[in-house]
Every structure is written in structure tokens, then in C-alpha cells.
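Chains A and B are the protein sequences, given in the same order. Numbering-wise (the numbering used here), the first sequence opens with residue 1 and increments by one. Numbering-wise (the numbering used here), the second sequence opens with residue 1 and increments by one.
No wet-lab data here; the hints were simulated from the structure. A hint or two may mislead.
Now the in silico label distances, taken between C-beta atoms and shown as ranges [as the list claims (entries may be wrong)]:
#, chain 1, residue 1, chain 2, residue 2, range
1, A, Leu217, B, Ile193, 16 to 24 Å
2, A, Gly58, B, Tyr168, 47 to 55 Å
3, A, Lys241, B, Ile69, 45 to 53 Å
4, B, Lys190, A, Gln95, 25 to 33 Å
5, A, Ile220, B, Glu158, 39 to 47 Å
6, B, Ser183, A, Lys200, 20 to 28 Å
7, B, His197, A, Leu217, 20 to 28 Å
Restricting the straight-line Cα-Cα distance to at most 25 Å, the calculated cross-link-like pairs of lysine to any residue (SDA-like) are [claimed, not checked]:
#, chain 1, residue 1, chain 2, residue 2
8, A, Lys238, B, Tyr121
9, A, Lys48, B, Asn83
10, B, Lys124, A, His141
11, B, Lys186, A, Leu224
12, A, Lys197, B, Asp200
13, A, Lys203, B, Asp103
14, A, Lys203, B, Tyr121
15, B, Lys186, A, Ser168
16, A, Lys203, B, Lys62
17, A, Lys200, B, Asp200
Backbone N, C-alpha and C define an ideal beta-carbon position, used for all residues, glycine too.
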Amino acid sequence: MAKQIHFLDVGLNYKKRWIFSNFNFNFIEGIPVCLIGSEASGKSSLLKMVKNEISYTGSILCDEPCEVILDFHLEDDISIYEYLNIKNMDRVFQQDLQNFLKLKNYSYSVLKLNEVYQLKVCLCKYLFQCPRFLFVDDFLHILSLEDRELFFQMALKYGITLFYVTSSMEDVLFFPYLVVLGRDGILLEGSTLKVLKEEKIMKRLGYSLPFIVDLSLQLISYELITDICCNFKELRSKVWK
Amino acid sequence: MEIKLKNFIEPGKIVSFLNFSGSFQKFKSNKKVCYVLDTPFTKNIKVGNYFRKYFSNYTESKFRDACRIALLDPIVVDTNLKNLSKTEIKKVRFVEGLMYQSDTFVFVNFEKGFYEKNRAYYRKLFLKLTKYNKCILLVTNDVSFLLGMKSQCFLFTEQCYEQIQDFYDDNLYHYVQMPQIISFVKFLNKRGIVMNHYVDQKELLKAIYRSVS
Chain A
1 MAKQIHFLDV GLNYKKRWIF SNFNFNFIEG IPVCLIGSEA SGKSSLLKMV KNEISYTGSI
61 LCDEPCEVIL DFHLEDDISI YEYLNIKNMD RVFQQDLQNF LKLKNYSYSV LKLNEVYQLK
121 VCLCKYLFQC PRFLFVDDFL HILSLEDREL FFQMALKYGI TLFYVTSSME DVLFFPYLVV
181 LGRDGILLEG STLKVLKEEK IMKRLGYSLP FIVDLSLQLI SYELITDICC NFKELRSKVW
241 K
Chain B
1 MEIKLKNFIE PGKIVSFLNF SGSFQKFKSN KKVCYVLDTP FTKNIKVGNY FRKYFSNYTE
61 SKFRDACRIA LLDPIVVDTN LKNLSKTEIK KVRFVEGLMY QSDTFVFVNF EKGFYEKNRA
121 YYRKLFLKLT KYNKCILLVT NDVSFLLGMK SQCFLFTEQC YEQIQDFYDD NLYHYVQMPQ
181 IISFVKFLNK RGIVMNHYVD QKELLKAIYR SVS
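Isolated chain A (complex conformation) (with noise of 0.2 Å):
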């Protein structure tokens, strides 16, 4: 049976104000999930709490352990090479760090990376731990594009389920369900295309939607198309026939 993540009523407020509440989730193994929120509405705090470094109301009830990434900046003076103790890795997990990371020398000190390698490094971290589930908050922007989808393949590869925390609308399509934060809990909820197809409510609420999702949208409105379309080639293939 899949292992959950029960998120039951939790709320969190601060000196008599509710930053959020209600909010009810069952975080399921295999099923990647993306939140988006608006700007201090508590998504962050969210993944404190699951780290139990704040307090709040309800309960968040765990089948099974799992790591939580609020930080990612390094700060012991040792190289890559023990950071990540290469060499005791895995073949598979080497070669991926090579992928990943793209340097050819893993003796430089974590200290005197720069952010984002800093970054890449503690990634590679936890995914070779391959923790069930895998908290990750909103600082995955100062990656590329395909950084980050190539860190989601391989989380998805080590059968770790993400659930991840973005203000970045283009990263919400690399995940099959969204949900979006509000002060009373769960605005919208549901596999990711069904979400974005409730586009007015996403444009009311102030969010915009991934350039290929709303272009696809009034590509349907003006009825050159049928279906909302994810990538390029998909949308050309439709669009020119």
C-alpha cells in the first residue's frame, strides 16, 4: 500500500492571525505534487512545520520519514568528493552527478562554490539518500530550466516523491498535480491540466499560467485547436497541420 503524508486541519497563525488554516491534504506516495501560493501565504512555513520547526494547529501525520530542503546553502570546509562521499556512490548515482553537476573536478571545497552549484550539490545530497518523500522549497528558480526538470527525472528515476514549493508557473507542468494555497486552506486542487483549465480563477487569484498552457487556451478560444497543448512540438504539430 502507497505511504502518505496526512495533512489534517493544519493551520498556522501568527500572534492572532491565521497566515492560512483548513488545509487538508493526503501527500501520496508517487504522485508528485507542485504548491503554488501567493506571496507569504505560508508555503515555506508549510514545510517548516513538516519539519517541526514551528508550531501550529492540527496534524501532520507521517506513514514514513522524510526530508525536508529549506536551505541549501553549505557551510562545512570539506570538498565535493566527501560532501557527497563519492566514493563509496553508487555507479548509477556517480554517473547522474555527472550529469547533474558537469564538473570535472570534485575537489574544490562545497564553501567556495558558487549558489548554484551550492545548490546542485545539496540536491544530489538528498537524492542519493533517495528519502520516500522529498520536501523541496521555492529557491529551485536560480536554476536552468533543464537543471530543473533533469533534477525532477531523477528524483522520479529514484522513486522519490517530490512535493515541491514554487512561485515559478513554467515548473508546475513538469508535475502531475498542483495545488494552490490560499488563507482558507486549498483553493484548487487536482491533476495539473484540470487546475490550469480553471483559467479565469487562476487570473482572478493573480497567478499567471505557463507561456505554452495559456497560449494553447486562447489558441482554443479562437478555435485553431482543441486541446491544451505542454510542449512546442506538440502545438506546432496542431496548430500547422
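Please build the complex by placing chain B on the supplied structure of chain A, with the hints as guidance.
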């Protein structure tokens, strides 16, 4: 190569810097320049009290107006500076500049974390501020935030910097992420579907309609 941003300051202009690697952490805002970045505050004080205590020109109405302009939620006034979210920190730093009535605003990766409605608001606001002779310097890697905004844009590389005239210049995208609209138009052009260099989605939509009908 050391580059000083002050060399780019020109009243009434928006100047954007792509792939700029300088650090702004140690700079403090003042009457001349306001630095808007998400570095956490170290002071253990509520937002409202901070402005009351450290800004000699503080008046309730002035502060309220600054918060409204910067889209800072009034509820945040009672929050401790240390407990602010990243976007709230940026808004508070923006309010600082508005209170100082700074001549120049340096926004560092400001757009990150904001959703589209607010990004669009700030784009318009920057334009408005230039009409009051303020200079807006935008340090960012997000070209999509700059599309459609009339700004002088400079790309920084290891050795030099150059002014960008066309966001469809491939050279630019060795350093920063290509916006999806540009990526899509380039994709179509490569496959023989000729499209102009659109940066506006509505214009692109019309062009697609024209090309098939």
C-alpha cells in the same frame, strides 16, 4: 573587472543588468540610493516600530502611503522584522526607500517570489517612478520580467558588458534563461514557420491566427 553601478545612474531612467554578479549584501539604503534585496533583517523589532524609531521624517500617513505603494500588507506592520518572508523583506526595504525618498532604487532579483499580478504592478510602478525623476536599476536574470518594459539593458560577462538591443540575440542566452515566448518563436522559425520577433503574447497570438487563416 570592477563595475560600479553608480556609473549607470541617470534620473528618470530604468536600467537593467543581466548576469550581474556583484554582491549588495553590505550596502545600506539612504537618501541617495535604496537597495531592495531579500537579505534578512537583524534587528529584533516590529516593522512599524522600526520605521517610527529610525526614520526621522516618519509620519503615520507617509508610512501608510509607502506601504500601499510597495504593496506591503498593513498586517505586517505588527510583525517582527526577523519573522518576515522573503517577499515581505523586499517590500519593507522598498518602503525604506520610499520613506527616505531615495533618488535611485536598486532592485536585486526583486521579481522572484512574486506572482504575475504583482509583477505587472511593479513594472508599471517603476515606470511611474521614473516620471518623478527616480532612477530604477534592476539587477536580474529574468528576461521575461524585462520584456515590454522600456529599459536600457546591459549584459555582463566575465570580461565586459554590452548593451542589449534585441532580446532575440542568441548571445544573451549563454548567460541567462530564455523566456518561453522567445524560445517558442525561435522554435517556429527554425521549422520554417516564419514569425516576427514578438515579445507580447497577444501579438504572437494574432500572428499565429493570421499564419493559418
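Quick rundown of the hints versus the structure:
1. A:Leu217 x B:Ile193: 16 to 24 Å: holds, 20 Å
2. A:Gly58 x B:Tyr168: 47 to 55 Å: For glycine 58 of chain A and tyrosine 168 of chain B the Cβ distance comes to about 50 Å; the hint holds.
3. A:Lys241 x B:Ile69: 45 to 53 Å: Check passed, 50 Å falls within 45 to 53 Å.
4. B:Lys190 x A:Gln95: 25 to 33 Å: Hint holds: Cβ distance 31 Å, inside 25 to 33 Å.
5. A:Ile220 x B:Glu158: 39 to 47 Å: holds, 45 Å
6. B:Ser183 x A:Lys200: 20 to 28 Å: holds, 26 Å
7. B:His197 x A:Leu217: 20 to 28 Å: Cβ of histidine 197 of chain B to Cβ of leucine 217 of chain A: about 23 Å, so the range 20 to 28 Å holds.
8. A:Lys238 x B:Tyr121: Violated. Lysine 238 of chain A to tyrosine 121 of chain B sits at ~35 Å, over the 25 Å cutoff.
9. A:Lys48 x B:Asn83: Distance of about 13 Å is within 25 Å: holds.
10. B:Lys124 x A:His141: Holds - the C-alpha atoms of histidine 141 of chain A and lysine 124 of chain B are around 24 Å apart, at most 25 Å.
11. B:Lys186 x A:Leu224: holds, 21 Å
12. A:Lys197 x B:Asp200: holds, 22 Å
13. A:Lys203 x B:Asp103: Between lysine 203 of chain A and aspartate 103 of chain B the Cα gap is close to 34 Å, so the pair fails against 25 Å, i.e. violated.
14. A:Lys203 x B:Tyr121: With Cα atoms ~14 Å apart, lysine 203 of chain A and tyrosine 121 of chain B stay inside 25 Å; holds.
15. B:Lys186 x A:Ser168: holds, 22 Å
16. A:Lys203 x B:Lys62: violated, 32 Å
17. A:Lys200 x B:Asp200: Given pair lysine 200 of chain A, aspartate 200 of chain B holds - Cα atoms ~20 Å apart, limit 25 Å.
When each numbered hint is compared with the structure, violations occur for hints 8, 13 and 16.
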